[in-house]
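Chemist: Protein chains in written order, with this note's numbering: chain A, 118 to 348; chain B, 20 to 300.
Some clues are possibly wrong.
Stated by the list, open to error - Here are the simulated distance ranges between beta carbons:
1. L228/B x G149/A: 19 to 25 angstroms
2. W181/A x G76/B: 43 to 49 angstroms
3. E113/B x T196/A: 25 to 31 angstroms
4. N242/A x K190/B: 32 to 38 angstroms
5. G315/A x D114/B: 38 to 44 angstroms
6. S290/B x D250/A: 47 to 53 angstroms
Treat the hints as calculated values from the structure; they're not laboratory data.
All values derive from a computational prediction rather than experimental measurement.
Ideal placement from N, C-alpha and C gives every residue a C-beta, glycine not left out.
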Amino acid sequence: MEIKDLSKSFILHNQRKHIHAVSNITITVKKGEFIGITGKSGSGKSTILKSIYGTYQVQEGDIWYESSHYGAINLAKATEREMIYLRKHEIGYVSQFLNVMPRTTARELVTGAILEMGQTREMANIETEKILDHFEIGTELWDSYPATFSGGEKLRLNIARAMVKRPRLLLLDEPTASLDHDSKVKVKTLLEQLMNEGTTMLGIFHDLEFMNRLVNKEYSIQNGCFTQAVQ
Amino acid sequence: MSVLEVPVLSVKQLNKQYGNGCSTCNYMKLGKVTKNYCHECGTVYACRGVTFDLHHGEVLGIVGESGSGKSTLMKSLYFDEEVTDGDMYVAGFEDGKKNLFMESAQKKRFVRNHLMGKVYQNPILGLKMNFSSIGNIAEKLISAGNRHVGSMETRGAELLEAVNIPIHRMKEEPRNFSGGMQQRVQIAKALSNNPPILLLDEVTTGLDLSVQASVLDLIKGLQRDLNISIVLVSHDLGVIRMLADRTLVMLEGKVIEQGLTDQILEDPQHSYTQQLVHSLL
Numbered sequence: 118m119e120i121k122d123l124s125k126s127f128i129l130h131n132q133r134k135h136i137h138a139v140s141n142i143t144i145t146v147k148k149g150e151f152i153g154i155t156g157k158s159g160s161g162k163s164t165i166l167k168s169i170y171g172t173y174q175v176q177e178g179d180i181w182y183e184s185s186h187y188g189a190i191n192l193a194k195a196t197e198r199e200m201i202y203l204r205k206h207e208i209g210y211v212s213q214f215l216n217v218m219p220r221t222t223a224r225e226l227v228t229g230a231i232l233e234m235g236q237t238r239e240m241a242n243i244e245t246e247k248i249l250d251h252f253e254i255g256t257e258l259w260d261s262y263p264a265t266f267s268g269g270e271k272l273r274l275n276i277a278r279a280m281v282k283r284p285r286l287l288l289l290d291e292p293t294a295s296l297d298h299d300s301k302v303k304v305k306t307l308l309e310q311l312m313n314e315g316t317t318m319l320g321i322f323h324d325l326e327f328m329n330r331l332v333n334k335e336y337s338i339q340n341g342c343f344t345q346a347v348q
Numbered sequence: 020m021s022v023l024e025v026p027v028l029s030v031k032q033l034n035k036q037y038g039n040g041c042s043t044c045n046y047m048k049l050g051k052v053t054k055n056y057c058h059e060c061g062t063v064y065a066c067r068g069v070t071f072d073l074h075h076g077e078v079l080g081i082v083g084e085s086g087s088g089k090s091t092l093m094k095s096l097y098f099d100e101e102v103t104d105g106d107m108y109v110a111g112f113e114d115g116k117k118n119l120f121m122e123s124a125q126k127k128r129f130v131r132n133h134l135m136g137k138v139y140q141n142p143i144l145g146l147k148m149n150f151s152s153i154g155n156i157a158e159k160l161i162s163a164g165n166r167h168v169g170s171m172e173t174r175g176a177e178l179l180e181a182v183n184i185p186i187h188r189m190k191e192e193p194r195n196f197s198g199g200m201q202q203r204v205q206i207a208k209a210l211s212n213n214p215p216i217l218l219l220d221e222v223t224t225g226l227d228l229s230v231q232a233s234v235l236d237l238i239k240g241l242q243r244d245l246n247i248s249i250v251l252v253s254h255d256l257g258v259i260r261m262l263a264d265r266t267l268v269m270l271e272g273k274v275i276e277q278g279l280t281d282q283i284l285e286d287p288q289h290s291y292t293q294q295l296v297h298s299l300l
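Construct the complete structure from the given sequences, taking the supplied hints into account.
Modeler: Written out as structure tokens, the structure is:
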């Protein structure tokens, strides 16, 4: 994947404001690489991820992504339908918040994600149990609502839900924020496994120590511009 | 290289006006027209050039303030109102090649009875209040060509069970039911002919939170299991966020913005949409 000269600004009509979030961002991500982005709050880290995922409309620049379905596709100009397909099958997004339908159990959540991929229900049921077990979510939690989970459990469930789709590209928006040490270690192990499986990942981290032990390449961002790239 | 997809429902340049229009408002010259209302002749331009596609298994949300033309659009799609001009193509009818708005009333009725289901905001419009609940469902089944009483009864009971209406009350009239139950009977009725397209107009407005929740769960479940396409009108952004894949924003009869639902909610472009999103509690 290649991001070229990405710029994004927000126009707030009622306050008559024009906010430049990021400008001229260029990142090259090779297949199987894990790229880390660091920077202060408000520096534009999440903006980059959300632009890739299509949550933000990109004004300038290109985001070339090598899709297995569409071939090379510019995500900055992809249609809504293309984006929906890619989200369902190729690009996963994990944030620190778990956004789910209320009254959906952990089991249904994961099963739903598998069904979206076009699997049969029996396969999905089997796969769900496997994955929940793999992500060390206790069996007693499987049929309860994620709203009642602890922060660490929610996060693992969030990653689990993104992972069942075996995304080619995984975007991580501060996946370790507000986690205790043990939970972080668990998340780290999971991320390492994903790396070994060849998943390409792009992540935002506040915890530099944690990140340094994982990523191949690190970019640091200040006021919407890159300051340095470290191997 | 993108794969060509055929939309289940395609609407192009739909216009609906109430009134004949006059020389001052025909070309929507500003000045005499405030919002979508002409002061000269009193014509209301309810839908102006509405264009969208609905794809297989997709939920399309439509948001907008009261009077923005959402319900008029839904009525036009279900042929409750005759449009002023515009095109509509449905995949299940003549391979989606014929403009339905130009077809005869029989053809429209065929599409309505076989390919669509609609749930109205007001249950009085969608149900015969003095028929039994199961009779209401049978009405839709009969218009879709069913004649076998036994099989219709089985189907009706099955549907009412799916929407959590107790079986022992299925012969009861909807007017005895609570608003939430009436809404669920409407949903059962709309689904009875297995329509590939479901039109939902403010289905959860006015329902209490727990009933709203069960109606939403039901819709989500139906969409997931039957993979039907849904047009969902609501002014409740929470409902839209939960259910819709894509969203259109309407203002004064026009679609002012459209996009992926999370994009509309997190990165709204139009000033009205920004105001709307920032009003979300």
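Chemist: If a hint holds in the structure, say so; if it does not, say that too.
Modeler: Now for the hints, and whether the structure bears them out:
{"no.": "1", "hint": "L228/B x G149/A: 19 to 25 angstroms", "in the structure": "violated (46 angstroms)"}
{"no.": "2", "hint": "W181/A x G76/B: 43 to 49 angstroms", "in the structure": "violated (28 angstroms)"}
{"no.": "3", "hint": "E113/B x T196/A: 25 to 31 angstroms", "in the structure": "holds (26 angstroms)"}
{"no.": "4", "hint": "N242/A x K190/B: 32 to 38 angstroms", "in the structure": "holds (37 angstroms)"}
{"no.": "5", "hint": "G315/A x D114/B: 38 to 44 angstroms", "in the structure": "holds (43 angstroms)"}
{"no.": "6", "hint": "S290/B x D250/A: 47 to 53 angstroms", "in the structure": "holds (49 angstroms)"}
Against the hints set out earlier in the document, violations occur for numbers 1, 2.
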